[in-house]
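Q: Below are the chains, spelled out letter by letter.
2 protein chains.
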Amino acid sequence: MKAEITTKINGVDTERLTDTISAVKASPELGRFSFQIANRWINGGENRSQVKLFRGQGEVFSHKTNFELLADEPDVLLGGDTGANPVEHLLHALASCVTTSMVYHAAARGIAIERVESSLEGNIDLQGFLGLDPTVRNGYQLIQLKLRVKGNVTDEQLQELSSLGPTFSPVFDSIRHGVPITVSAERLP
Amino acid sequence: MKAEITTKINGVDTERLTDTISAVKASPELGRFSFQIANRWINGGENRSQVKLFRGQGEVFSHKTNFELLADEPDVLLGGDTGANPVEHLLHALASCVTTSMVYHAAARGIAIERVESSLEGNIDLQGFLGLDPTVRNGYQLIQLKLRVKGNVTDEQLQELSSLGPTFSPVFDSIRHGVPITVSAERLP
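Just so you know, the protein sequences line up as chains A and B, in that order.
Take 1 as the starting number for the first sequence in the working numbering and just add one per residue.
Take 1 as the starting number for the second sequence in the working numbering and just add one per residue.
Don't take each hint at face value.
[What the hints assert, rightly or not] Keeping only pairs whose Cα atoms sit at most 30 Å apart, straight-line, the calculated DSBU-like set for lysine-lysine is: (1) B/52 <-> A/52; (2) A/52 <-> B/146; (3) A/146 <-> A/8; (4) B/64 <-> B/52; (5) A/52 <-> A/8; (6) B/8 <-> A/64; (7) B/52 <-> B/25; (8) B/8 <-> B/52; (9) A/52 <-> A/25; (10) A/150 <-> A/52; (11) B/25 <-> B/8; (12) A/146 <-> B/146; (13) B/8 <-> B/146; (14) A/64 <-> A/52; (15) A/146 <-> B/150; (16) B/64 <-> B/8; (17) B/52 <-> A/150; (18) A/64 <-> A/8; (19) A/64 <-> A/25; (20) A/52 <-> B/150; (21) A/8 <-> A/25.
[As the list claims (entries may be wrong)] Computed, partial: chain B to chain A, Cβ under 7 Å: (22) 31; (23) 35; (24) 37; (25) 58; (26) 69; (27) 84; (28) 86; (29) 95; (30) 109; (31) 119; (32) 127; (33) 140; (34) 143; (35) 147; (36) 166; (37) 184.
Calculated from the structure, these hints are not laboratory results.
Even for Gly, the Cβ is constructed at its ideal location relative to N, Cα and C.
Please construct the entire structure, taking both the sequences and the accompanying hints into account.
A: So this is what it looks like as structure tokens:
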């Protein structure tokens with residue numbers, strides 16, 4: 001019988017986290033990951049993405065189960081309202097990444113967190129999407145992220161904690177600073 | 001008894017689409033929408049977002065049902081693997097928005113589409129997230145989007161179709177060009 005001893009802070013195994021940091025420090029190529037999805041249009045504003053595999057550390061990994069992510073538009077935007085819409089999913093990606101980044105980096109610093117909540121709101125002017133005014137952008141004009149944290153921390157630590165997500169989050173950086181996107185198209189037989 | 005006649009192309013009610021375009025053209029303030037989510041940390045890499053309300057055209061709208069979006073990290077990234085991770089959700093937001101934007105704008109042009117599929121892949125170097133190399137960004141370094149379309153269209157129309165998503169998609173613009181994000185933090189009681 002083998003005893004398994006793990007040290008978890010915020011639900012994160014800090015021993016494995018330290019090991020991961022050391023491994024990537026020693027062999028930077030182990031930090032290279034690529035994530036992928038496959039999306040299929042259903043009808044109107046409805047479509048679905050499959051999430052199965054990702055690559056990292058020179059290996060192909062499979063999620064424990066396959067995830068299907070839905071998207072649709074609400075009625076006022078001419079959809080069937082069977083799922084959150086793409087710009088709401090973008091806010092979820094941002095919220096979840098900022099939270100996870102804060103929780104992991106707090107664990108690495110030995111700071112225990114009790115609760116994290118966040119509210120996000122983003123403004124869009126449909127004149128952009130509808131092609132009515134070339135001076136109006138299609139995307140979000142501003143996103144406001146409000147974090148609420150509970151933990152046995154000083155006000156100074158609370159400020160430090162709340163900066164961890166924005167400082168380290170991959171999605172925060174992607175949305176804040178933009179990402180090059182290549183697009184190719186081919187005909188389905 | 002009232003007969004309801006709708007003209008749908010690609011599942012999009014083109015009469016309502018034309019009405020929407022005319023309405024926003026006449027009163028640009030009707031194009032102003034804001035979307036929102038509320039996220040709650042569960043444990044480790046797991047957290048959930050609630051999607052309920054959004055605002056537009058001076059009104060508050062409620063989705064037909066409330067949507068709960070999950071996020072977690074796979075085991076190799078020290079999570080419980082109960083859901084797609086934040087950077088995979090970002091790819092879903094992008095795929096779903098590019099597809100919907102193409103489908104809607106094709107409908108506005110009277111172009112019927114039979115099928116749309118897309119594959120997306122994005123590269124991340126964890127040296128950024130782990131804070132190991134300040135010259136490595138935290139976010140995606142590149143996203144590759146491959147569209148596949150089926151429809152009774154010429155090669156020229158196929159090229160035009162495949163440019164509609166990137167040209168008009170709010171999420172494409174947000175991720176490609178970046179969005180200002182304000183962050184505030186407060187203590188939970």
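Q: Could you run down the list of hints and mark each one as holding or not?
A: Hints, one by one, checked against the model:
1. B/52 <-> A/52: Within the cut-off at roughly 28 Å; holds.
2. A/52 <-> B/146: Measuring from Cα to Cα gives roughly 17 Å; hence the hint holds.
3. A/146 <-> A/8: Within the cut-off at roughly 27 Å; holds.
4. B/64 <-> B/52: holds (8 Å)
5. A/52 <-> A/8: holds (27 Å)
6. B/8 <-> A/64: violated (40 Å)
7. B/52 <-> B/25: Since the Cα atoms of residue 52 of chain B and residue 25 of chain B sit roughly 28 Å apart, the hinted pair holds (cutoff 30 Å).
8. B/8 <-> B/52: Given that 30 Å is the threshold and the Cα spacing comes to 27 Å, the pair holds.
9. A/52 <-> A/25: Distance ~28 Å between residue 52 of chain A and residue 25 of chain A Cα, so the pair holds.
10. A/150 <-> A/52: The given pair, whose Cα atoms are some 34 Å apart, is violated under the 30 Å limit.
11. B/25 <-> B/8: holds (22 Å)
12. A/146 <-> B/146: Violated - the C-alpha atoms of residue 146 of chain B and residue 146 of chain A are around 35 Å apart, more than 30 Å.
13. B/8 <-> B/146: Measuring from Cα to Cα gives roughly 27 Å; hence the hint holds.
14. A/64 <-> A/52: Between residue 64 of chain A and residue 52 of chain A the Cα gap is close to 9 Å, so the pair holds against 30 Å.
15. A/146 <-> B/150: violated (43 Å)
16. B/64 <-> B/8: Roughly 21 Å separates the two Cα atoms, so the pair holds.
17. B/52 <-> A/150: holds (24 Å)
18. A/64 <-> A/8: holds (21 Å)
19. A/64 <-> A/25: Holds, at roughly 27 Å.
20. A/52 <-> B/150: Holds, because 24 Å separates the two Cα atoms, which is no more than 30 Å.
21. A/8 <-> A/25: holds (22 Å)
22. 31: holds (4 Å)
23. 35: holds (5 Å)
24. 37: holds (5 Å)
25. 58: violated (12 Å)
26. 69: holds (4 Å)
27. 84: Holds, about 4 Å.
28. 86: Nearest chain A Cβ about 3 Å off; hint holds.
29. 95: holds (4 Å)
30. 109: violated (11 Å)
31. 119: With a minimum Cβ separation of about 5 Å from chain A (threshold 7 Å), the hint on residue 119 of chain B holds.
32. 127: For residue 127 of chain B, the interface hint holds, since the closest Cβ of chain A sits about 4 Å away, which is under 7 Å.
33. 140: For residue 140 of chain B, the interface hint holds, since the closest Cβ of chain A sits about 5 Å away, which is under 7 Å.
34. 143: holds (5 Å)
35. 147: Hint holds; residue 147 of chain B Cβ to chain A Cβ min 4 Å, cut 7 Å.
36. 166: holds (5 Å)
37. 184: Residue 184 of chain B check passes; min Cβ-Cβ to chain A is 5 Å, inside 7 Å.
In this structure, the hints that do not hold are numbers 6, 10, 12, 15, 25, 30, in rising order.
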